[in-house]
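Participant: Could you put the whole structure together from the sequences, leaning on the hints where they help?
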Amino acid sequence: MEVLKQELKENIIEQLNLEDITVEDIADNDVLFGDGLGLDSIDALELIVMLDKNYGIKLTDPKEGRAIFGSIEVMAKYITEHRTK
Amino acid sequence: MSKVYINGIGSISSQKTFGNNDFLEKILVYTNNVIPVVNPDYKEYIDPVAARRMAKGIKMGVVASRIALRDAGLENVDAIITGTGMGCVRDSEKFVSAIIDNDEKYLTPTSFIQSTHNTVGGQIALGLQCKGYNFTYVHASISFESTLLDAKLQLENDEANTILIGGVDEQGEHTIAIHKLINHIKLEKIETTKLLGSNTAGTIFGEGANFFVVSNKKQDSTYAEVLAVETYNTLLETEVLNTVILFLKDNNISVENIDAIVLGNNGDIQYDMFYNKLSSGLFKDTQQVYYKHLCGEFNTASSFGIWLASKILKTQKLPEAIKINKKSKENYRTILLYNQYRGENHSLTLLRKC
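From first to last, the protein sequence lines stand for chains A and B. Its first residue numbered 9, the first sequence is counted upward by one per residue in my numbering. Its first residue numbered 2, the second sequence is counted upward by one per residue in my numbering.
To be clear, the hints were calculated from the coordinates, so they are not data collected in a lab. Certain hints may be false.
[Said to hold, decoys possible] Where chain A lies over chain B, by a calculated footprint (3+ residues, C-beta under 8 Å):
id, region
1, 43-54
2, 102-112
[To be verified] Below, simulated DSS-like cross-link-like pairs (lysine-lysine); rule was C-alpha separation at most 25 Å, straight line:
id, chain 1, residue 1, chain 2, residue 2
3, B, Lys218, B, Lys278
4, A, Lys71, A, Lys93
5, B, Lys218, B, Lys195
6, B, Lys95, A, Lys61
7, B, Lys354, B, Lys330
8, A, Lys66, B, Lys95
9, B, Lys285, B, Lys318
10, B, Lys218, B, Lys354
11, B, Lys44, B, Lys187
12, B, Lys328, B, Lys250
13, B, Lys17, B, Lys195
14, A, Lys71, B, Lys106
15, B, Lys330, B, Lys278
16, B, Lys106, A, Lys93
17, A, Lys66, B, Lys106
18, B, Lys4, B, Lys219
19, B, Lys190, B, Lys27
20, B, Lys106, A, Lys61
Model, not experiment: these values are computed from the prediction. Just so you know, even glycine gets a beta-carbon here, dropped at the ideal spot from N, CA and C.
Facilitator: Okay, here's the thing in C-alpha cells:
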C-alpha cells in the first residue's frame, strides 16, 4: 500500500503539472480537491483516465470520483480493492 | 479617419528582450539550428495555479501581452487580436501522440482543451477579464500582419480605442523533426550571426511572442505610427519590386523617404532572392536591417521585426548586430518592413516616427 501511495503522488504531480509540489508536500490524508491541493473538475477527468490506464478501473459515473478522489489514502484503498491490472 | 499608434511593446524572443530596457546591446549567438526563447520568470506574471496547464506558447503570449500593457500604462484593452501560425503545437502534438500511442483510448482533456489556436488569446482575455472582441488569425507568415490590419481598421474607424495585438509561436518537438526531414531547417550547423552568408537551403528555426498595444490616441510612451500594412498570399519574385513601388506610391512615400528597410532574410539561398531584389536594387542606398539571426524563423517572426522597428523609431538607435549594410543616417523617421516565407505570404508594413 505504501508503494502504491508513493506511486499515486508521483503520478498526480506529473500528470496534473503540479510544478511547485513534491511528493513530501502531499500527506496521505490531505484533501485533494477544493481547499486542499486545489484540484478541479478537469483534474478529476485526468484522474479518471489515469485509473483506467494504469489500474484497469473504469469509473462510469463521474460522481463516484468525488468519494474515491478524497485523499491519497482513500484512492489507494479503492485501487487495491478494485484494480484489474 | 483616426491615426494608429504603437503605444506599448512586449517581446519574448531568443534574445533577452523581455526586460524592455536594453535594445540588443549584447546579443546571444547560437550554433544550433533550432533556437529557444530566453524565458522570463513566468511566475512573476502568472498565478502558478493558472500556469500549470499552460504550455510554453501560452505562457509566452500571456507574459508578452502583460509587458506590452504595462509599457503602455494600461490595465485593460478594448480588444485582443492574436496571430499564430501553429497555435499551441506542443499540446496538439501531445494529444495526437496520445491517440496513436494509446490506440485511441485514455485521452485526457487538458492537452485537448489547450491545443486550439485561440487558446493564447483566450487565456490573455481570461487573465485581464477582457470581454471585448477576441480574434485569432492563423495564416502562416502573415498571421501577425493580419492582426495588425484588423486592429488598424477598427482603430481608424473608432470602433475601438486600444487593442492588444501579437504574434506567438512555440516549437513542438515533432513539428521541428518534420521540418528537419524536409530540409526547411538547415542540415549543417551554423553560427546565427553568419546566417546570411550560409549559401545553403533551409534556415534556423525559432519561437517567440511579440505583443503590442495599438491605439488611435498618441501618448508619451508611443513608439511609432502605423502608416500602412498590406499582405499578399502569392507574389512572384519578379513582382516584388513593382509591388513595393506601388505600395509606396499608394502611401505617398518615395524610396528616398525610407530611412531603413527591415528585411526578413533567413539565410535560405532558395528564397532570400526575394529580399535581394530590393536590397541590391531599389534600396541599395538605404540602411538595410535583418533580424532572423536573432529570433529564428517562425510563422510570426515578423512580429519581432515590428518590435525591432518600433524600438529603432523610438530610441533612434540602430544596433550594429542588425545592420546588413552601413549607411550613415542621423535620424530614422520612416521604416519599411518586408517579409515572406518560402516565397509565399508576403507582407509590407510602414511605420513612422511620432
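Participant: State for each hint whether it applies.
Facilitator: Status of the hints after comparison with the structure:
no.	hint	in the structure
1	43-54	holds (count 5)
2	102-112	holds (count 7)
3	B:Lys218 with B:Lys278	violated, 37 Å
4	A:Lys71 with A:Lys93	holds, 23 Å
5	B:Lys218 with B:Lys195	violated, 41 Å
6	B:Lys95 with A:Lys61	holds, 16 Å
7	B:Lys354 with B:Lys330	holds, 14 Å
8	A:Lys66 with B:Lys95	holds, 23 Å
9	B:Lys285 with B:Lys318	holds, 20 Å
10	B:Lys218 with B:Lys354	holds, 15 Å
11	B:Lys44 with B:Lys187	violated, 35 Å
12	B:Lys328 with B:Lys250	holds, 24 Å
13	B:Lys17 with B:Lys195	holds, 20 Å
14	A:Lys71 with B:Lys106	holds, 21 Å
15	B:Lys330 with B:Lys278	holds, 22 Å
16	B:Lys106 with A:Lys93	holds, 16 Å
17	A:Lys66 with B:Lys106	holds, 12 Å
18	B:Lys4 with B:Lys219	holds, 9 Å
19	B:Lys190 with B:Lys27	holds, 22 Å
20	B:Lys106 with A:Lys61	holds, 9 Å
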